[in-house]
Amino acid sequence: MKSFTRFTGIVAPLDTANVDTDAIIPKQFLKSIERTGFGKFLFYEWRYENDREKPDFILNREPYRNAPILLTRKNFGCGSSREHAPWAIAEYGIKVILAPSFADIFYNNCFKNGILPVVLPDQDIEILFRNTREIPGYQIRVDLENQRIEDSFGYMSEFEIGSYRKDQLLQGLDEIGATLQSSQNIHSFESSHKIYYKLGAKN
Amino acid sequence: MGRTLYEKIWDKHAVLEQQNQPSLLYIDLHLIHEVTSPQAFEGLRINNRKVRKPELTVATMDHSIPTTDRTLPFRDEIAKKQVDALEKNCRDFGIQLFDLKSRNQGIVHVIAPELGLTQPGMTIVCGDSHTSTHGAFGALAFGIGTSEVEHVLATQTLKQFKSKTLAINIHGQLPSGTTAKDLILSIIGKYGHDFATGYVVEYRGEAIRKLTMEERMTVCNMSIEMGARAGLIEPDSKTFAFLKGKQAVPEGNLWGEVLEEWQQYYTDEDAKFDLTADFNAAEVIPQVTWGTNPGQVAGITETIPKLEDMSEDHVRPAIKALQYMGLEPGTPITEIGIDKVFIGSCTNSRIEDLRKAAKIAHGYKVAERVEALVVPGSQLVKKQAEAEGLDQIFIEAGFQWREAGCSMCLGMNEDLVLPEERCASTSNRNFEGRQGRNARTHLVSPEMAAAAAIAGRFTDVREWPVKERKEVSLQ
Ligand code: SF4
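Same order as they appear, the protein sequences are chains A and B. Going by the working numbering, 93 is the number at position 3 of the first sequence; the sequence numbering is gapless. Going by the working numbering, 742 is the number at position 359 of the second sequence; the sequence numbering is gapless.
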């Protein structure tokens, strides 16, 4: 995974609450055994009609087409555990999602795919939505190191993020590799841990 | 201070705990299926890693498989590819697979409990959000992403931050004619579909203790629909009785030992939850969702709420949902006509569900123009239902009787709700496009779905004239 660097980018406002994983990547695109190829199907039902772009959808409009920052409403990513959702988002090129809240599994999945989900208070979200309406090509600067977002018009906010997750993004951690370093602990845990179901016999 | 059930399971499985870092949690049972696992195995291969404990992983095929005749070749080549990949992965890594020919095949959350793999005090994960179902047995069970599937395969552990705990105390008793599905929909309707985000919820109280194990699974299944990480119910004598004699449950001398083990898993009286909520089961009536999230729900005797009666933050989502659903505020629920009926999914496809639906359907005919499907949750459920003659009741009434799988719950196979068709569904999600492009989903209980199939619209199942069966008694 690539590490996360400080950057400035256009903010695409997606003014919808409870955007669920079925909307992010509809299930007809889950029938793949690959980890890539999902970006073009991101928000498919909203972006396309009969395989033609819907001109009204925010990501089909300039200057939002390749916006790296998505601004949205509460409970983003609710629904299924499918990691295809963050895969599609990352492959499309979105690096940061700003929302008042995120669904649990989705939030977790973001960090494994180099996406920074930022939780902001409602009033900040309102300000940002207003700015995208009033300032053409509105951009913000995202600084994960200092946990800060700001624009060049005087808005600035600090955000919370756990230190582990921050490192995960900053350094592009290989979590499995790290856990395998603790093999000894797992091994000794297993030596005294009992599991009672038995598999196998009849199927 | 006392500990909650969640904390007890957590403590028992913590391999490593460090400040400001996620803990390393040991996973007792890892369930996998064809849709969210291929990329995880690919990751293992690329990095030359093994599956640490293949004997703690169980695989089945459920999401994208057809529910029609299994002897025919797949018509969907991409689904076939997923199924083939799972077969190969299980073979290469030594994992037990219940494939389409196995008598144990079925929806992953239906088969693990029925085989007795799901047991109190265990940690269970699966690349599927409705893994919360297994919490009905007092197991800590939750959905994970594919990167985490890979992590569990490689290490048999998961990096986890501890969740906050939420107790929902459910007082009173469910009135007759209402079901566990109505209960959980009412709870989500009252508290909102993101109310429990970040929490592990424990369902407590008299109403919960009265539920059967299958009903408890229906409740825990939908925990994720209010955002919860997992749902839990304390194991009790019903839990132990359900498991006794199941295929994967030890017998003889070991039975005493497991029982003793399981009995440790309860919430101490002086344990503290981070949050508690109360709910009165006695007020529950049959529920029907009218919107595009499970919290947009009303009772069968009610109307779709008027916008002026909603709190401010509900209005905009409601307008959008009603537009998608093709419905108007103020419409009585009983005036909503339907085109399709789906009885199935990991929420409501177990034998009790089918018995209840069959009881309603017996002696009636599915309304003209309504297409109705019954999809058993597993091959074992299907066999049992056939032994009881339930399949015949359904078939005579005009329902289609299918092979086990997820089917129309998510429409990854050919079982789809067509654009603008309206479906009464016993599944758990009514999101836009969930059952098919522009499909309109109404979540209901199996009884309500069966009654809707016959009446052609939603109807109050509490007033349904049941035609008793003479020959076989339906217990
Ligand atoms: S039945 Fe539906 S909710 Fe359950 S596992 Fe299958 S797709 Fe998921």
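Keep in mind that the hints were calculated from the coordinates and are not lab data. Check the hints yourself; a few may be wrong.
Result set (BS3-like, lysine-lysine): computed pairs, CA atoms no more than 30 Å apart in a straight line [claimed, not checked]:
#1 B:Lys853 - A:Lys288
#2 A:Lys284 - B:Lys621
#3 B:Lys471 - A:Lys130
#4 B:Lys627 - A:Lys121
#5 A:Lys288 - B:Lys703
#6 A:Lys130 - B:Lys655
#7 A:Lys284 - B:Lys627
#8 B:Lys621 - A:Lys121
#9 A:Lys284 - B:Lys542
#10 B:Lys766 - A:Lys288
#11 A:Lys288 - B:Lys850
#12 B:Lys547 - A:Lys121
#13 B:Lys391 - A:Lys284
#14 A:Lys256 - B:Lys395
#15 B:Lys464 - A:Lys284
#16 A:Lys144 - B:Lys703
#17 B:Lys463 - A:Lys284
#18 B:Lys627 - A:Lys256
#19 A:Lys284 - B:Lys853
#20 A:Lys284 - B:Lys703
#21 B:Lys464 - A:Lys130
#22 A:Lys256 - B:Lys545
#23 B:Lys463 - A:Lys121
#24 A:Lys288 - B:Lys484
#25 A:Lys256 - B:Lys629
#26 A:Lys130 - B:Lys703
#27 A:Lys284 - B:Lys547
#28 B:Lys655 - A:Lys288
#29 B:Lys391 - A:Lys288
#30 B:Lys391 - A:Lys121
Covered stretches of chain B (chain A as the covering partner; in silico rule of three or more C-beta atoms under 8 Å from a C-beta of chain A) [as the list claims (entries may be wrong)]:
#31 411 to 421
#32 589 to 595
#33 626 to 634
#34 652 to 659
#35 741 to 748
#36 824 to 834
Even glycine gets a Cβ: it sits at the ideal position worked out from N, Cα and C.
A quick look at each hint next to the structure:
1. B:Lys853 - A:Lys288: violated, 41 Å
2. A:Lys284 - B:Lys621: holds, 23 Å
3. B:Lys471 - A:Lys130: Since the Cα atoms of Lys471 (chain B) and Lys130 (chain A) sit roughly 29 Å apart, the hinted pair holds (cutoff 30 Å).
4. B:Lys627 - A:Lys121: Outside the cut-off at roughly 38 Å; violated.
5. A:Lys288 - B:Lys703: Given that 30 Å is the threshold and the Cα spacing comes to 49 Å, the pair is violated.
6. A:Lys130 - B:Lys655: Violated, at roughly 47 Å.
7. A:Lys284 - B:Lys627: Given pair Lys284 (chain A), Lys627 (chain B) holds - Cα atoms ~18 Å apart, limit 30 Å.
8. B:Lys621 - A:Lys121: Answer violated: Lys621 (chain B) to Lys121 (chain A) is near 39 Å, above 30 Å.
9. A:Lys284 - B:Lys542: holds, 20 Å
10. B:Lys766 - A:Lys288: Cα-Cα ~23 Å, so holds.
11. A:Lys288 - B:Lys850: Not satisfied, since the Cα-Cα distance of roughly 43 Å exceeds 30 Å.
12. B:Lys547 - A:Lys121: violated, 35 Å
13. B:Lys391 - A:Lys284: Holds. Lys391 (chain B) to Lys284 (chain A) sits at ~15 Å (cutoff 30 Å).
14. A:Lys256 - B:Lys395: holds, 28 Å
15. B:Lys464 - A:Lys284: violated, 37 Å
16. A:Lys144 - B:Lys703: holds, 18 Å
17. B:Lys463 - A:Lys284: violated, 37 Å
18. B:Lys627 - A:Lys256: The hint is violated at about 46 Å.
19. A:Lys284 - B:Lys853: Violated, at about 49 Å.
20. A:Lys284 - B:Lys703: Roughly 51 Å separates the two Cα atoms, so the pair is violated.
21. B:Lys464 - A:Lys130: Holds, at about 21 Å.
22. A:Lys256 - B:Lys545: Since the Cα atoms of Lys256 (chain A) and Lys545 (chain B) sit roughly 17 Å apart, the hinted pair holds (cutoff 30 Å).
23. B:Lys463 - A:Lys121: holds, 9 Å
24. A:Lys288 - B:Lys484: Cα-Cα ~21 Å, so holds.
25. A:Lys256 - B:Lys629: violated, 45 Å
26. A:Lys130 - B:Lys703: The hint holds at about 25 Å.
27. A:Lys284 - B:Lys547: holds, 27 Å
28. B:Lys655 - A:Lys288: violated, 35 Å
29. B:Lys391 - A:Lys288: holds, 23 Å
30. B:Lys391 - A:Lys121: Given pair Lys391 (chain B), Lys121 (chain A) is violated - Cα atoms ~38 Å apart, limit 30 Å.
31. 411 to 421: Held - the region 411 to 421 of chain B has 5 residues with a Cβ nearer than 8 Å to chain A, which meets the minimum of three.
32. 589 to 595: violated (count 0)
33. 626 to 634: Held - the region 626 to 634 of chain B has 4 residues with a Cβ nearer than 8 Å to chain A, which meets the minimum of three.
34. 652 to 659: Violated - the region 652 to 659 of chain B has 0 residues with a Cβ nearer than 8 Å to chain A, which falls short of three.
35. 741 to 748: violated (count 0)
36. 824 to 834: With 0 residues in contact (Cβ-Cβ under 8 Å with chain A), the coverage given for the region 824 to 834 of chain B is violated.
Checked against the numbered hints given earlier, this structure breaks hints 1, 4, 5, 6, 8, 11, 12, 15, 17, 18, 19, 20, 25, 28, 30, 32, 34, 35 and 36; the rest are met.
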